[in-house]
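Chemist: Required output: the full structure, derived from the provided sequences and hints.
As a plain string of letters, each chain reads:
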Amino acid sequence: DIQMTQSPSSLSASVGDRVTITCRASQSISNFLNWYQQKPGKAPKVLIYAVSSLQSGVPSRFSGSGSGTDFTLTISSLQPEDFATYYCQQSYSTPLTFGQGTKLEIK
Amino acid sequence: EVQLLESGGGLVQPGGSLRLSCAASGFSFSSYWMSWVRQAPGKGLEWVANIKRDASEKYYLGSVKGRFTISRANAWNSLYLDMSSLRAEDTAVYYCARLVDTPMLHYFEYWGQGTLVTVSS
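Protein chains in written order, with our numbering: chain A, 8 to 114; chain B, 146 to 266.
No wet-lab data here; the hints were simulated from the structure. Predicted, not measured: the structure shown is a model, and the values here were computed from it. Glycine included, C-beta positions come from ideal geometry on N, C-alpha and C. Keep in mind that the hints are not guaranteed to be accurate.
Result set (DSSO-like, lysine-lysine): computed pairs, CA atoms no more than 30 Å apart in a straight line [what the hints assert, rightly or not]:
1. Lys197/B / Lys114/A
2. Lys110/A / Lys52/A
3. Lys203/B / Lys49/A
4. Lys203/B / Lys188/B
5. Lys210/B / Lys188/B
6. Lys110/A / Lys188/B
7. Lys49/A / Lys114/A
8. Lys203/B / Lys114/A
9. Lys203/B / Lys52/A
10. Lys114/A / Lys210/B
11. Lys49/A / Lys110/A
12. Lys188/B / Lys49/A
13. Lys197/B / Lys49/A
Label-pair restraints from in silico Cβ distances [to be verified]:
14. Lys203/B / Lys46/A: 22 to 32 Å
15. Val22/A / Gly161/B: 24 to 34 Å
16. Ser162/B / Glu112/A: 31 to 41 Å
17. Ser21/A / Ala220/B: 45 to 55 Å
18. Gln86/A / Gly160/B: 31 to 41 Å
19. Gly160/B / Ser21/A: 44 to 54 Å
20. Glu234/B / Glu112/A: 27 to 37 Å
21. Leu250/B / Thr79/A: 11 to 21 Å
22. Ala220/B / Lys114/A: 51 to 61 Å
23. Ser230/B / Val65/A: 22 to 32 Å
24. Ser230/B / Ser21/A: 45 to 55 Å
25. Lys114/A / Lys203/B: 43 to 53 Å
Modeler: Given below as structure tokens:
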């Protein structure tokens with residue numbers, strides 16, 4: 008199974024900050040890396056698929072990069088609605104696996 | 146508008162069985178792979194199973210293989226998860242999700258609101 012490791016597990020930031028979350032796969036997953044946002048009590052929502060493609064309707068302040076085993080999600084200027092938990096997910100092979108999540112909190 | 150509505154969750158004793166359903170609307174259900182993903186209370190996301198458009202292929206998380214069965218009824222726009230020999234560690238919110246599945250893209254595009262399964266005596 009491919010293990011996905013996110014860092015940090017939690018992060019405090021302020022509105023307007025630039026934030027980067029990293030995700031590392033235990034083996035190369037090519038570009039089969041997706042990012043999801045989840046708010047408390049709600050279903051996850053896809054933000055970015057295939058490393059860097061922005062899902063329709065997602066603000067352009069979200070971006071993704073990386074290849075092989077190392078990937079990043081960047082939020083260029085945090086907005087109040089961005090405080091949530093973020094998950095990376097590999098779709099290279101089954102079992103499909105998620106990172107443990109990064110909880111982004113207001114400083 | 147794409148909608149996925151799960152039902153069937155509840156309290157079940159260890160060793161018991163439960164069937165989850167997901168009613169799909171707003172898209173051509175038979176054209177998409179579908180999935181179940183779960184989330185234990187306060188924990189992260191865990192993929193459970195996938196099923197191909199015509200149900201000819203199914204894939205499972207190792208810990209549920211042999212206990213859970215994913216199925217679909219395209220005529221009814223419905224997805225199912227039959228769960229048996231339930232364990233405490235199966236306690237979670239279970240989400241139905243629609244997959245984008247192409248040679249170069251594979252991700253959970255739409256999610257339902259989830260249904261809670263609690264396994265406890």
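Chemist: Run every hint past the structure and note whether it holds.
Modeler: Evaluation of the provided hints:
Between Lys197/B and Lys114/A the alpha-carbon distance is near 44 Å, which puts this suggested pair outside the 30 Å criterion. For the hint linking Lys110/A to Lys52/A, the alpha-carbon distance of about 15 Å falls within 30 Å, and the restraint holds. Straight-line distance between C-alpha atoms of Lys203/B and Lys49/A comes to about 27 Å, which keeps the hinted pair within the 30 Å bound. For the hint linking Lys203/B to Lys188/B, the alpha-carbon distance of about 25 Å falls within 30 Å, and the restraint holds.
Note on Lys210/B and Lys188/B: the hinted pairing holds, with a Cα-Cα distance of about 21 Å set against a maximum of 30 Å. Taking the CA atoms of Lys110/A and Lys188/B, the gap is near 11 Å; set against the 30 Å cutoff, the hint holds. The hinted pair formed by Lys49/A and Lys114/A meets the criterion: a straight-line CA distance of about 22 Å does not exceed 30 Å. A threshold of 30 Å between alpha carbons decides the hint, and for Lys203/B with Lys114/A the separation of about 44 Å lies outside it, so the pair is violated.
Restraint check for Lys203/B and Lys52/A: satisfied, since their Cα atoms lie roughly 24 Å apart, inside the 30 Å limit. Proximity of Lys114/A to Lys210/B is assessed by CA-CA distance (about 43 Å); at most 30 Å being required, the pair is judged violated. Proposed proximity of Lys49/A and Lys110/A is supported: the alpha carbons are some 14 Å apart, at most 30 Å. The hinted pair formed by Lys188/B and Lys49/A meets the criterion: a straight-line CA distance of about 14 Å does not exceed 30 Å.
Distance restraint check for Lys197/B and Lys49/A: the Cα-Cα separation of roughly 26 Å lies within the 30 Å cut-off, and the hinted pair is therefore satisfied. At about 31 Å, the CB distance of Lys203/B to Lys46/A agrees with the hint of 22 to 32 Å. Between Val22/A and Gly161/B the C-beta distance comes to about 47 Å, which lies outside the given range of 24 to 34 Å. Evaluation of the 31 to 41 Å hint for Ser162/B and Glu112/A yields a pass: the beta carbon distance comes to about 40 Å.
Checked against the given bound of 45 to 55 Å, the beta carbons of Ser21/A and Ala220/B, roughly 52 Å apart, stay inside it. At roughly 47 Å, the beta carbons of Gln86/A and Gly160/B sit outside the given window of 31 to 41 Å. The hinted range of 44 to 54 Å is satisfied by Gly160/B and Ser21/A, whose Cβ atoms lie roughly 50 Å apart. Range check, Glu234/B to Glu112/A: Cβ separation about 28 Å, and the 27 to 37 Å hint holds.
Separated by about 20 Å at the C-beta atoms, Leu250/B and Thr79/A satisfy the suggested range of 11 to 21 Å. Between Ala220/B and Lys114/A the C-beta distance comes to about 52 Å, which sits within the given range of 51 to 61 Å. A C-beta distance of roughly 40 Å is found between Ser230/B and Val65/A, which places it outside the suggested range of 22 to 32 Å. At about 48 Å, the CB distance of Ser230/B to Ser21/A agrees with the hint of 45 to 55 Å.
Lys114/A and Lys203/B have their C-beta atoms about 45 Å apart, which keeps the hinted 43 to 53 Å range intact.
Comparing the model with each earlier hint shows violations of hints 1, 8, 10, 15, 18, 23; every other hint is respected.
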